[in-house]
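All chains, please: the whole structure from these sequences, using the hints.
Residue numbers (the numbering used here), protein chains in the order written: chain S, 1 to 321; chain R, 1 to 321; chain D, 1 to 321.
It should be emphasised that the hints constitute simulated quantities derived from the structure, not laboratory data.
Any given hint might turn out to be false.
One copy or any two copies: either way a pair holds, since identical chains are not told apart in the list.
Stated by the list, open to error - List of simulated lysine-lysine pairs, DSS-like, C-alpha gap at most 25 Å:
#, residue 1, residue 2
1, LYS21, LYS54
2, LYS270, LYS21
3, LYS106, LYS263
4, LYS263, LYS21
5, LYS270, LYS101
Since we're looking at a predicted model, the values are computed, not measured.
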Amino acid sequence: MDNPQPEIRNRKSEDAPWTRKDLLGIRELSVAELTHILDTASAFKEVGRRTIKKVPALRGMTLVNFFVENSTRTRTSFELAAKRLSLDVVNVSATASSLAKGETLKDTAHIFQANGADIIVMRHSSAGAAHFLSTRLRASIINAGDGAHEHPTQALLDTFTIRERLGRVAGLNVLILGDILFSRVARSNIHALLKLGARVTLCGPSTLVPRAFEQMGVTVTHDLDSVLAEADVINLLRIQHERQRKEYFPSLGEYTALFGLTKARAARLKPSALIMHPGPINRGVEIDSDIADGGRSVILEQVTNGLAVRMAVLYLCAGAR
Amino acid sequence: MDNPQPEIRNRKSEDAPWTRKDLLGIRELSVAELTHILDTASAFKEVGRRTIKKVPALRGMTLVNFFVENSTRTRTSFELAAKRLSLDVVNVSATASSLAKGETLKDTAHIFQANGADIIVMRHSSAGAAHFLSTRLRASIINAGDGAHEHPTQALLDTFTIRERLGRVAGLNVLILGDILFSRVARSNIHALLKLGARVTLCGPSTLVPRAFEQMGVTVTHDLDSVLAEADVINLLRIQHERQRKEYFPSLGEYTALFGLTKARAARLKPSALIMHPGPINRGVEIDSDIADGGRSVILEQVTNGLAVRMAVLYLCAGAR
Amino acid sequence: MDNPQPEIRNRKSEDAPWTRKDLLGIRELSVAELTHILDTASAFKEVGRRTIKKVPALRGMTLVNFFVENSTRTRTSFELAAKRLSLDVVNVSATASSLAKGETLKDTAHIFQANGADIIVMRHSSAGAAHFLSTRLRASIINAGDGAHEHPTQALLDTFTIRERLGRVAGLNVLILGDILFSRVARSNIHALLKLGARVTLCGPSTLVPRAFEQMGVTVTHDLDSVLAEADVINLLRIQHERQRKEYFPSLGEYTALFGLTKARAARLKPSALIMHPGPINRGVEIDSDIADGGRSVILEQVTNGLAVRMAVLYLCAGAR
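The following block contains the structure:
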């Protein structure tokens, strides 16, 4: 337990002070707050390169990983981020919780808090669920995805990856491709990118990328080939074919023909363009398999950065309580 | 790991020495033993108020949380109590265990012990399951609920809460309300309360609160309104409507009308009366929603005290091996 | 964290140096490598006898327990071995992983690695799955069972138990009994035993113990009573009656009559013979219940040795990265 902290403490008091106990979404964050999280994550990323990838920062505190909607990927990332901060972690799944016995969400969360939870990380199928709890509990509430609303840590790790790789976010052309309508990842990314000065273009089938998104300040197009060449970043959202109840596009094959990042399309991207995907990827659907593994793909780096970003979020929110 | 122990060690040798490796039920405990657990829990509750809520007391020891009958609430409480004592914890659920492959309970438990388990916390649907293992294993067996028999740590946390809030247990009128027949919580509470000198009244539908309970030394009534005003404590048991196979009462609505703690009934309670519930609560069935959240309700405090009580039980039983 | 390491480090550099980042099977190991693992396990077994059964050897490193095929027994053993080495452990089950969303095995494993996994312990229903990952990832891959191919740590703990109990492996007569055809445990044991100089006899119904095994250098018989008396070790494999799709033997009763270790047969074993079983045992099928609990049975000792062997494997593979 003698592993030194990264130099975060001083920085914290110097620039943008973080005062939020919760992270509910990107929309409500100031540019200074966004930047402060990313800066803090940079310091924590350094911890991940040490032999002993652990700091005692939050030792003796408790995190409940409460995934009412299952997601091993995000749950695991938060669990590992928490363990690197020396938090004690308890995982509670939807079916295992007392929700299954008819307990209200508020009561379930209050039980976690009474059990000593300092931080509750929650994924829930209802938009606003994290916000609902945040106003009722002393514990920090970290939104790990609420319905089609927000998934703030995904947007933070995407933005972190862009900033680290390309040196800045302002002025970049970021193309988000795919199922925007149902995507909390898209919503959180749009907020983060616009706040930091990027130009955002959304592209996909008109059923999944309605014109109404233009009100957020982005460009909407349904013609991928017309916008491909100018993108500095292309972020491919997963086609959640296991979730689509109605038919939003004729077939996976047709989706790939019109919106897949094939080898031919990848050849038209800038040599410096970043190819991103929040995962899990459908090889051969949203993206050609070789392109997913190619030099411009930062898909696995996004995962690694997710750890650093989540450490930062946990650290800042716990510190603000 | 430099967090100081609470002042427990010395006390342990002074007064009532604890010599049991197992906690199977309240019935077999002496008054001195009961009191010793509650005193030890008081010391551990103080740990829960520190910034670093952890002591190295049981570091390097292993606890298996073996819930043959699922219960996230109790499992989580034991898991957190164990982690605060620096135990390593492994969770094993019913379906995941080799019981599903036809292994005997004894063999499954022996495997845990051979794997280094120092403590096995077990919930099981059969009364006597914990006792069965306790005589066959060197490991400490902690009964986290066995059929309709006992749930000793629930009774300990209830008693702890009463003693801490009202300063004593002896001489108090404690009213236990609801499904007594199938309730291990009721059985363990009755034993603890009577041993510590409380007067216990049971109330509920005659199908769920048979007169036979009077043999335990308690008063049985089916008329809530006749006993409400004299209660110092009212403990509302959960109507486990998901478990009732036969009809023990006409309907939930009728149950509430006759035995629910409505606003009107709550108004007739003593101003100092404690309102308790082991959870998860059915708002609007056993208890009015506002009353559950009101000033006399100690429902969440019970949860917090559960951590301290379980830390005490783990600490004492591990030390007695 | 001031618990001393066992004296392993020096030994490591002296004799057979271990250079493999992965443990995929026994077949490819040299005698020196096999012996080195067993020697290292002896040192770690000593840790299990301490009050604080923990060493800081792999602190700050992360292990993912990835059981695509469920096994609480083996998963728990690896989890506890890892915690004794101060590793952080994350459990991921088949259904919980993104495999369920159509992600490839390689992608899932890459995500673990990007999340900081230093070691991935994997059980998988396909032979070769661990090998497949080992060539594609920097992380250590530990095979915890792949199809009917290998289960190396089971063979190591079996061999460790024989060597510790009987002082040697070379020259011993080891009889492996039961379902050999589908058994990765049998395959790994045959490799380990032959490498260390034991004579191996396989016995069971001809449908489950085909003559073709003789090509491995073992003796095959279908007449248990003819080979019983000369065995120094008898290793009873589990009849996995829940998995047998076709009929490989007429009935469990008939299996017991011909191949069960009954009291009568046990009486014909050498007094010094070891009775082993990887578990979970079917009492009354492969083995008489009293014999399973008798003095020559080392079934629970195998479990305890499994912890030491797995600590050794994790320690050596992590150190070789």
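Exercise. How would you label the pair LYS270, LYS101 (within, between, both, or neither) given a Cα cut-off of 25 Å?
Worked result: neither (54 Å within a copy, 31 Å between copies)
Exercise. Between LYS106 and LYS263, at a C-alpha cutoff of 25 Å, which is it: within one copy, between copies, both, or neither?
Worked result: between (49 Å within a copy, 21 Å between copies)
For this session: Using 25 Å as the alpha carbon limit, work out where LYS263 and LYS21 are close: within a copy, between copies, both or neither.
Result: Close neither inside one copy (45 Å) nor across copies (35 Å); limit 25 Å.
Exercise. For LYS270 vs LYS21, is the C-alpha pair at or below 25 Å within one copy, between two copies, both, or neither?
Worked result: neither (41 Å within a copy, 38 Å between copies)
Exercise. Checking LYS21 and LYS54: alpha-carbon separation at most 25 Å within a copy, between copies, both or neither?
Worked result: both (23 Å within a copy, 22 Å between copies)
Hint violations for this structure: numbers 2, 4, 5, all remaining hints satisfied.
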